[in-house]
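> Next come the chains, spelled out residue by residue.
Protein chains: 2
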Amino acid sequence: MSQTKSQMSVPLAALDEFCRRVISACGANEATADAATRAMMHGTRHGVDSHGIRLLPHYIQALEGGRLNKAPQLRTVTNFGAVETLDADNAQGALAAYTGMQRAIALASAFGIGAVAIRNTSHFGPAGAFSIEAARQGLIGFTFCNSDSFVRLHDGAEKFHGTNPIAVAAPSSGENPWLLDMATSAVPFNRVLLYRSLGKHLPAAVASDARGFDTQDASNAQMLAPLGGEFGFKGAALAGVAEILSAILTGMKLSFDIAPMQGPDFSAPRGMGAFVLAIKPDAFIDRDTFDRGMARYLETLRASQPRESCRVMAPGDREWAVAALRDKLGVTVDPVTLVAFERLARRYAVPMPSP
Amino acid sequence: MSQTKSQMSVPLAALDEFCRRVISACGANEATADAATRAMMHGTRHGVDSHGIRLLPHYIQALEGGRLNKAPQLRTVTNFGAVETLDADNAQGALAAYTGMQRAIALASAFGIGAVAIRNTSHFGPAGAFSIEAARQGLIGFTFCNSDSFVRLHDGAEKFHGTNPIAVAAPSSGENPWLLDMATSAVPFNRVLLYRSLGKHLPAAVASDARGFDTQDASNAQMLAPLGGEFGFKGAALAGVAEILSAILTGMKLSFDIAPMQGPDFSAPRGMGAFVLAIKPDAFIDRDTFDRGMARYLETLRASQPRESCRVMAPGDREWAVAALRDKLGVTVDPVTLVAFERLARRYAVPMPSP
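Chains as they are written, first to last, in my numbering: chain A, 7 to 361; chain B, 7 to 361.
Extracted from the complex, chain A is given alone in its bound form (with noise of 0.2 Å):
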């Protein structure tokens, strides 16, 4: 063998199975097992990995430790005309943004438009899980969240908002969707950790030192700088934009206000807001006529000339590429994640997802 255990493929499905089968085991309802995995598996069949499969054992924790309710009662507080008001019980994240969207899908389908504002709801992993539902369904999907402070505003030198992300994903008849899912900071703060345990510098004005000033020096990045370096007031808007929707709206906490997601504290919910919304295309316009002008956008787009050496891919082109090759090849998973499985699978007496 010439593969050691870490390095192996291990196919989507297996690693579906073994999420849903650890979260049961943990005592959590069917329901919350189906959509954390869901989106999960969007994240790591996608090669969004930081939003993947190495969530489980953070989602778990919280599970075990009260953060999230293992079995929540999700009901709609507030309704008037094509909005509604959802209060999750503090379910798991993708729980409460899966149901969301299906209400706010629901609406748009009885009013053209319809919007969930989602209070006491946890983190929901990627953003653009749930907005691709819509797609799915013929509809515009969006998705908004705020999240712990990681970035600074712009000329600021603290962390303010989260990395709010906002995530759009439009149907593309016979195609998969347009998706469109940014964190609202240029990169992750996990991109950040990772440059730092490789030695690597960081790209120029996306990370910045403790008095606000970017620095290339992964070590000494202190917070994340927002989207659009000497135009971080754009990035620091849309932040906002997410912010007011999902925290402001629902009446919950403001990012600056919010526990960290990485504890120390894993019993208390996390009182968080993220907001859904839906649109309808065929409540304006012929659905022929949408189609068309969806696939000469997306074919023009294709073939617009790309600078040398370059290939110019529509938003989601990416993921697709991606996810095609793990549907086919399994995914290898990462070796910190693997340990953590390897625990999860003895504690709960699940075997681990063979390759």
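Take these hints with a grain of salt, some might be off.
Per label pair, the in silico range of CB-to-CB distance [stated by the list, open to error]:
#1 ARG293(A) - ALA301(B): 23 to 29 Å
#2 ARG302(A) - SER56(B): 27 to 33 Å
#3 ASN226(B) - THR338(A): 42 to 48 Å
#4 GLU23(A) - SER315(B): 52 to 58 Å
Don't read these hints as lab results, they were simulated from the structure. We put the CB at the ideal spot given by N, CA and C, even for glycine.
With the hints as your guide, set chain B onto chain A.
Just chain B now, with coordinates in the frame of chain A:
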């Protein structure tokens, strides 16, 4: 007299009146004169001079040439629940956008959220002008449009998207609204032209040469770069959000199909789309909780530690400061615009705005 005419400040009210009178004198109806003037004065009052009164000669040329309809019949052509499609009948763009936003506000008042796709419109000036209308009425407003191509794709080497703005305004009780009004390129092409005429170097990663490689030599810049520099895939995707909502959802022209704003043809309508959306906070949460959330967010943001010799500002703060100054002192009209105004004054027998 120590000041030449071109250096004298003109009160905003005099500029407002001049714009209205010239637009009316060219034969456009009162609704057009009012909307176009309000949007331009939003730009001029708030220091967004690229989208202020310097556009007057341009709009007159488009109205006289036939690109814009002097007496458009705007009408709702489809409606479905909380959304409508407005055919603007080739109105001047600000009239179309204000009309669309008023409908979105009415829909949001009835359904909690409302959106209007606008067909057959044209250049509307500063996107923030329309979002702020929603905020002034207590709602969160979103405005999107696409425009003729100026911006390359990430890793692209030709113009593809327009500067495709996104503007969001949120009400803040007793205060000026929170206001984001951003191009999805780092800078507008006007900035490149200005630096070219001044012989100044451009900031890094804002403009590219004919092969798509970034250049700081303004005279060599052939196109704009999407917001984000190395992470320009985010700026390009945000431009895509504006493109999908404004052009595809309306069945109007994609950026690369839109005739250039600057002509030479000023006779044919440009077939542009736009998209506006309003959200009523009270439909989700009691007003007092929302207002207190906005107040705490903005107070904390403005008090956030700045980096040395810097100041942290909320989106819009710079604009309100300029507005306060210009309300008091008026504004100095740039020499090119002043010459154009003198020509318009003679042509339409309208007195020049007096200093």
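> Evaluate each hint against the coordinates.
We went through each hint and held it up to the structure:
1. ARG293(A) - ALA301(B): 23 to 29 Å: 44 Å Cβ-Cβ, so the 23 to 29 Å window is violated.
2. ARG302(A) - SER56(B): 27 to 33 Å: Distance hint for ARG302(A), SER56(B) holds at roughly 30 Å.
3. ASN226(B) - THR338(A): 42 to 48 Å: Because 45 Å falls inside the window, the suggested range holds.
4. GLU23(A) - SER315(B): 52 to 58 Å: Holds, at about 56 Å.
Hint 1 from the list above is the single one not met by this structure.
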